[in-house]
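*Asks:* Just so we're aligned, residue -6 is where the first sequence starts under this note's numbering, counting upward by one.
These are computed hints drawn from the structure, not numbers from a lab.
Do not rely on the hints blindly, as some may be mistaken.
[Unchecked claim] Derived pair list, reagent style SDA-like, types lysine to any residue, alpha-carbon separation capped at 25 Å: (1) 159 <-> 138; (2) 629 <-> 542; (3) 407 <-> 541; (4) 580 <-> 621; (5) 583 <-> 629; (6) 100 <-> 341; (7) 159 <-> 686; (8) 159 <-> 41; (9) 355 <-> 400; (10) 159 <-> 400; (11) 583 <-> 541; (12) 355 <-> 328; (13) 407 <-> 583; (14) 580 <-> 383.
Here the structure is a predicted model, which means the values were calculated and not measured.
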Amino acid sequence: MPAFDPVPAQVSFPELEQRIQRLWDAEDPFEAALRQRAQAPAFTFYEGPPTANGRPGVHHVLARAFKDGFLRYQQMLGRRVERRAGWDTHGLPVELEVERRLGLHSKAEIERHGVAAFNRLCRQSVAEFIGEWEQLTRRIGFWLDMQSPYRTYDPPYIESVWWSLKQIWDRGWLYQGYRVSPYCPRCQTSLSTHELNQGYREDTPDTAVTVRFRLVDEPQTSILAWTTTPWTLPGNVGLAVGPEIEYVRVRQGAERLILARERLSLLQGPYEVEGPVPASELVGRRYQPLYPQAAPEGDAFRVVAATFVSTTEGTGVVHTAGAYGEDDLLLCQQEGLPVRHTVGLDGCFLPMAGAFAGLFVKDADPRIVEDLEGRGLLYRADPIRHTYPFCWRCETPLLYYALTSWFIRTTAVKERLLVHNQSVQWVPAHLRDGRMGNWLESLQDWNLSRDRYWGTPLPIWICPDCDAQRCVGSFAELGLPADADPHKPFIDEVQLACACGGAMRRVPQVIDAWYDSGAMPYAQWHYPFENADRFAGAHPADFICEAIDQTRGWFFTLLAESVLLFDQPAYRHVVSPSHVVDGAGQKMSKSRGNIIEPLALLDAHGADALRWWFYTTVTVGQEYRVSPERIAEVVKRFLLILWNVQSFLVTYANLCGWDPGAAEAVPAPAERSVLDRWLLARVAQTTAEVRRRMDLYDATVACRQLAQLVDDASTWYVRRSRARFRGEEATAACATLHQALRTMARLLAPFVPFVSDALWRQLSVPLAGQPSSVHLTDYPEVRSDDLDPELLEAMARLRRLVEEAHAQRERARLPLRQPLAAVTVAGAPFSAELAAVLAEELNVREVRYAPVPADGRETVSLDLALTPELRDEGWVRTLGRRGQELRRAAGLRPGQPIDFYVEAADPLGAAVLGQAERLTTLLFADRVQRVTQGARPAVEHSAEGTIDGTAYWLGLVRRGPASSLPAEDGP
RNA sequence: CGGCCCGUAGCUCAGCUGGUCAGAGCAGGGCUCUUAUAAAGCUCAGGUCGUGGGUUCGAGUCCCACCGGGCCGACCA
């Protein structure tokens, strides 16, 4: 009875993975692993919540592969690793999907449809692809608790978010302000940068105007300013000059003009430069408003200094309208210039714009140009073409438009953010001071509010009578039950009594969905209303892992909220892989048609292959050029080799009846042959290196080391040990390879969870009391008794010399089958054992040594002279090979007893007679008989050929049934 | 415009704190081994290590500039 179940030579990894998955379904080792570590110290992980209203892609597999690898590793180290799934459920992407489905195109249409119904659909839409996410998560072997995920729309989650905002409010860090954003006047919403990028159109025709701003105290003198958006001119409140820029006053006809010296080329017709005007002299000067009737209250129409002013375009003077430009707004706030809208939310001029009132701004542009020209204020107007943003949904030209927004004063804790960021171990390391560090250095206040519907409502109530503001931090303050739906529109019905006697109403906004996700460390536990211990024990996280695009996303919001609320970092280690692109390095997109579906890859090559490819192909931080061919290569180069080593062991262990569970005497490792000791030393060395690398969160080098170990086990240990598995050393060899493979299965378990478990289970069959799954074992410790650096070095040296010797044979055209008398090593002698390995690998009788060459370089040289005896043996080995081919052609299995007949003239015939025993062994035959010419017996299979010019004939006859070999599964 | 990453054999990529580092795998040609039965081993690449400077006894490996690619951000008044 064989100890091991036979291993089919052909393996389909996708099928194997499904088989293992079914075992997991039945045994639930995920749950068992958690139970097993229930009392162990926690290793805390935060799962970044994806939005489930989109399909998962290959890039999601990437991050999840790294998450799972590190989590399994930590668990095997003995930590308790909880992994709770989460879903990001709010936000504009969800709303857009629902709008699309309902055929709605604006906020007005949503409100006509009804916000309650709209939000109901949003809630449903979030779950749209949840099944696909769960399927993929499961398929890639990512163990994640998806039974009780946190969801950002759950009332307790929202209540925790409210609590956090109240904390921020109490510290004075939550305030209302203006912000300029790209704004679609038709949809009546601001757009995110992401959306903005989808709508840029090049070569958009527009009009650039250069306008005279007459100085109050010098009406004959004008400052020239230039703009491509004439519609912002009625909103002008100031002119900005650059403190470093040199301005000049020029005379042209009766008038004087002021502009930057570098921009004189803008002038039309002859002019005379009267002299320089320092920027400092311009600052503070007042000019006449272009549209006095639209003048706002306050100290407007002044020249101010601003560093952002350039001289690459225009006049070196920037027309400033605070409500219609980001820089403009900041400048106005800084300089005390009034900010007021001249354009309404619908993109049409307000009544104070006089003749333009009611006109859409883009339609008003030509009218404004006409009007300015009529009043002598236009210096010149030029058609231009530039890149301009349009709404990607409705194609309306976007406006930069200041809206009332609520902000978190993140700048107040900037120093703390920088300090805590320093404490984080980033992989790749440059992210800390690079992308993340730079982002924090140029930190601005967080624009928290969104004028939308499906999101966590901003918990601020304002009294219309006395303007009192109140931030609400719990449901109880509103008298709401714990299970109340706190979403719009219901929450907007809730009024609070103001001290002045008025009824406070909630502000209409919801908050940035990114705030929701950054709140997960505390909100997933409904902290501080519940689970205070649970939160305290799981913050900061030991480890998070998301793709690089989360730097300014989730990585930032986690950190920002943690610092704002707790003055702590949110995580200690971040692994952040780069992007996934197609095989040609192109970004995957629907329009390019180069999207690679993860499930297709998984079906074709399996999850282990894809995971392993992600770990080993490039270092984290470089892009992943994924293609089916590259994943297929992993199967060939790694998984199949691993599988074949396993298959080899099982075949021979069964063949020689070795049983690891039997109390058979196995020599202690130190007593085994040098190849065994070498393999065990390689395993120990690799174990140490893998642990060291994984402790540094470097899965790439760890896995590359493992790949090298697998390759060494196959292409050196097994290759050189094959004969030993059939001889006296079979027990030691089987025990060694068995032990090595079991260790390798555990070393590989975090990375290729399916095949490693398959290996483990197979190898454990004959053993009692073993964990049923490799994922319930401990990560291998370094067996210090096995370490043997000297042996590793000596073997490495030996293998270098082997390569050189093989090259010499190649040049001499002597097949390896042909034995040679000696090899001479110019270098330090090997131990007798290693010398035997060398001799066997090179097929030489003897290893000799010579002094090292003067340059100190070790060399090797084969004695290429053939004696008759060596030549005879070479012939016999060739004949043996031909016999093997005949066996194979006859379809005989290993172990099938046979008789061989050989007919050959001398000198080949003599050689056969002289080495009949060797030939018998080579052919695994019971008997080899030489027959004389013309006396060929009747045989089942035969072959003819020549060796070195001598013709031969081989015949083969079976004897009795096959011995007790395992049957193989088909060809 | 700014920040970061990358630019090494036809392709994909290794090369840690400067001194056998000029490498591996794949593709292609040749050869070999084999009761792991097509999986494996060996061999063949004359590559200005993007370009140009610099530091150094010595630089893919450090510094500067430039060119090209990517990502992120800013800007387009």
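*Asks:* Next step is simple, just say for each hint if it's right about the structure.
*Replies:* Hint-by-hint comparison with the structure:
1. Note on residue 159 and residue 138: the hinted pairing is violated, with a Cα-Cα distance of about 31 Å set against a maximum of 25 Å.
2. Distance restraint check for residue 629 and residue 542: the Cα-Cα separation of roughly 32 Å exceeds the 25 Å cut-off, and the hinted pair is therefore not satisfied.
3. Distance check on the hinted pair: residue 407 and residue 541 sit about 22 Å apart at the alpha-carbon level, within 25 Å; holds.
4. Between residue 580 and residue 621 the CA atoms are separated by roughly 16 Å; this keeps the pair inside 25 Å, and the hint holds.
5. Between residue 583 and residue 629, the direct Cα distance comes to roughly 31 Å. Violation of the 25 Å bound is thereby established for this hinted pair.
6. In summary, the hint linking residue 100 to residue 341 is supported, as the alpha carbons are separated by about 17 Å, within the 25 Å threshold.
7. Using a Cα cut-off of 25 Å, the hinted pair residue 159 and residue 686 is violated, with the two alpha carbons roughly 43 Å apart.
8. In summary, the hint linking residue 159 to residue 41 is supported, as the alpha carbons are separated by about 24 Å, within the 25 Å threshold.
9. The hinted pair formed by residue 355 and residue 400 fails the criterion: a straight-line CA distance of about 30 Å is larger than 25 Å.
10. In summary, the hint linking residue 159 to residue 400 is supported, as the alpha carbons are separated by about 13 Å, within the 25 Å threshold.
11. A distance of roughly 21 Å separates the Cα atoms of residue 583 and residue 541; the hinted pair therefore holds under the 25 Å criterion.
12. Proximity of residue 355 to residue 328 is assessed by CA-CA distance (about 29 Å); at most 25 Å being required, the pair is judged violated.
13. Taken as a hint, the residue 407 and residue 583 pair is broken in the structure, with Cα atoms around 39 Å apart against an allowance of 25 Å.
14. A threshold of 25 Å between alpha carbons decides the hint, and for residue 580 with residue 383 the separation of about 23 Å falls inside it, so the pair holds.
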